[in-house]
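Read top to bottom, the protein sequences are chains A and B. Here the working numbering is used: the first residue of the first sequence is 1, the next is one more, and so on. Here the working numbering is used: the first residue of the second sequence is 1, the next is one more, and so on.
These are computed hints drawn from the structure, not numbers from a lab. What you were told as hints is all true, and nothing was included just to trick you.
Straight-line alpha carbon distances no greater than 30 Å define the calculated DSS-like cross-link-like pairs of lysine-lysine that follow:
#1 A:K140 <-> B:K109
#2 A:K190 <-> A:K299
#3 A:K190 <-> A:K263
#4 A:K299 <-> A:K263
#5 A:K135 <-> B:K109
#6 B:K109 <-> A:K56
#7 B:K109 <-> A:K69
The lines below spell out each chain.
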Amino acid sequence: MDLDFAQIIQSLNLGIVILDRDLRIVFWNRWMEEHSRMSRSDVLGRGIMELFPELKGKGFHWKSRSVFKLGNYAFFSQQLHGNLIPLPLSRYLTSDFEHMQQNAAMCPLRNERSEVQYLCVTIEDATDAVLYREKLERAKQELETMSLTDPLTGLPNRRHLMETLEREISRHDRYERALCVAILDIDHFKAVNDTHGHLCGDHVLSLLGQAFRDQLRTYDFVARYGGEEFCVILANTALDEGFRIVERLRESVASTSFLFEGKTVGLTVSAGLASNEVQGKVTLDSFLSRADEALYRAKSNGRNRTAVSRDDRTACAPQADPAMLSHRP
Amino acid sequence: MIDLTEDRRDTLAELLNIGFGRSMASLAELMGMYIQLSVPSVRIVHPRQILEALSGSAAGREEVTLIEQTFRGAFNGEAVLALPGEASHTLARLLAADCGFNPDMEPDKLHLEAMLELGNMVIGACLGKFAEILESTISFNPPQVFLDSVRLDRLRQMVPLPDQGTLLVLTHFRLEREEVTGYMFIFIGGDALESLFRAVDRFLDDLAETG
Chain A
1 MDLDFAQIIQ SLNLGIVILD RDLRIVFWNR WMEEHSRMSR SDVLGRGIME
51 LFPELKGKGF HWKSRSVFKL GNYAFFSQQL HGNLIPLPLS RYLTSDFEHM
101 QQNAAMCPLR NERSEVQYLC VTIEDATDAV LYREKLERAK QELETMSLTD
151 PLTGLPNRRH LMETLEREIS RHDRYERALC VAILDIDHFK AVNDTHGHLC
201 GDHVLSLLGQ AFRDQLRTYD FVARYGGEEF CVILANTALD EGFRIVERLR
251 ESVASTSFLF EGKTVGLTVS AGLASNEVQG KVTLDSFLSR ADEALYRAKS
301 NGRNRTAVSR DDRTACAPQA DPAMLSHRP
Chain B
1 MIDLTEDRRD TLAELLNIGF GRSMASLAEL MGMYIQLSVP SVRIVHPRQI
51 LEALSGSAAG REEVTLIEQT FRGAFNGEAV LALPGEASHT LARLLAADCG
101 FNPDMEPDKL HLEAMLELGN MVIGACLGKF AEILESTISF NPPQVFLDSV
151 RLDRLRQMVP LPDQGTLLVL THFRLEREEV TGYMFIFIGG DALESLFRAV
201 DRFLDDLAET G
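Same shape as in the complex, but just chain A:
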């Protein structure tokens, strides 16, 4: 088969530039002509550094010297350089880039004495790949955010809560710091839904979530735990202080009138509080089930109150504020 290799090089979907030892252009393939809008006769014999001064800022001179001296390959990655030679984009509709994104390489061309005589620069259009990569990255980030957020309240969801609490437990354990967890549950929420409708219920949940977020310190964490339940993680907080914080949240709910379509909705919450200052190892499950046990007691003692977990009451019984044991407003 009689092949015309020059024709192959001209038809490649790849920019090929050959440079001599003075970095003057001795070959410029058709891809380069088409993308740069400079014909071969425009560029042959001209120094590439003068033609494209931006190459100075890309270490081009250094790398070309290294290829001539060492006979190695040199690379210009898109991730670090964006492009090697600024060429216009080949498509305009889908891209925010000013120039074509490129992966480029330089390799040595040797003469019959095996000395490096020319440099071969290859330029590959990576714009599409970069766009896909960025699109993928954005989608991944959106999904990550979505998978950790409760859509109704915009608060972290249960999954996010579990991950955070797990981390906080071990962090507080490591530094021997006090940590509190409270579960707050809306009293008679079913009645709100039955009386005012589910839209009102949703609205109230969202307002309550925002109110909790606004009242807590920036380093506290509040999540939607379940249907009408919220969970609060109070970092670096001992039981008595945690009790005061949760009581404040409870009182503010009781004293707020929530508005929905011109109607006033009155609400109360019950809260169960637990801390990590108890005997034995505190795990994610044991922590939450103690807060849950306390919540159950707050409910059965008449609602609209905060109760402390039985283990915490035992641990701090002598000094405990009697109010903490079962607080009645």
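Assemble chain B onto chain A, guided by the hints.
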């Protein structure tokens, strides 16, 4: 597992030393500083041992920067340059300040680029010269860098391990003035090993004929 006879291993180590010796002069000229490279050890190991060698050679230090580059040609393989501790920062500074490699980039990217270029140069020069001695050529893929204080327990997930026996070339490299010590590992596995040995044998045959 392929048997690496003592003769073959000695020849290989010697050829690598010659190749690296030649690349040292070129690197010194290019960088304006003297880089010393030696090949104290050539071994055939099971892939599992590579991780042990990597962690052992990082001199017990926790952190190591890895620059990895695959090559293909007469023999295919993967080379990894490992720079323990602060060495990568020292070298990046040197490259910019003393050697004039200073592309116009943000500092973080510049550090990455300096590591890539250093790895590319050292690996390319060493293996290039080695291939030259064997009268064959090898081509290189773009290098990758694993920079953010790679911990050795994470290496296990990063370093791909082929099933067959792998040639492990352990290289010390040292910058005289700066007392920076690094390591280069060359992994050549299975089939590629056979072709490397054929190239070495050919070289020895040619030597015998001319001698």
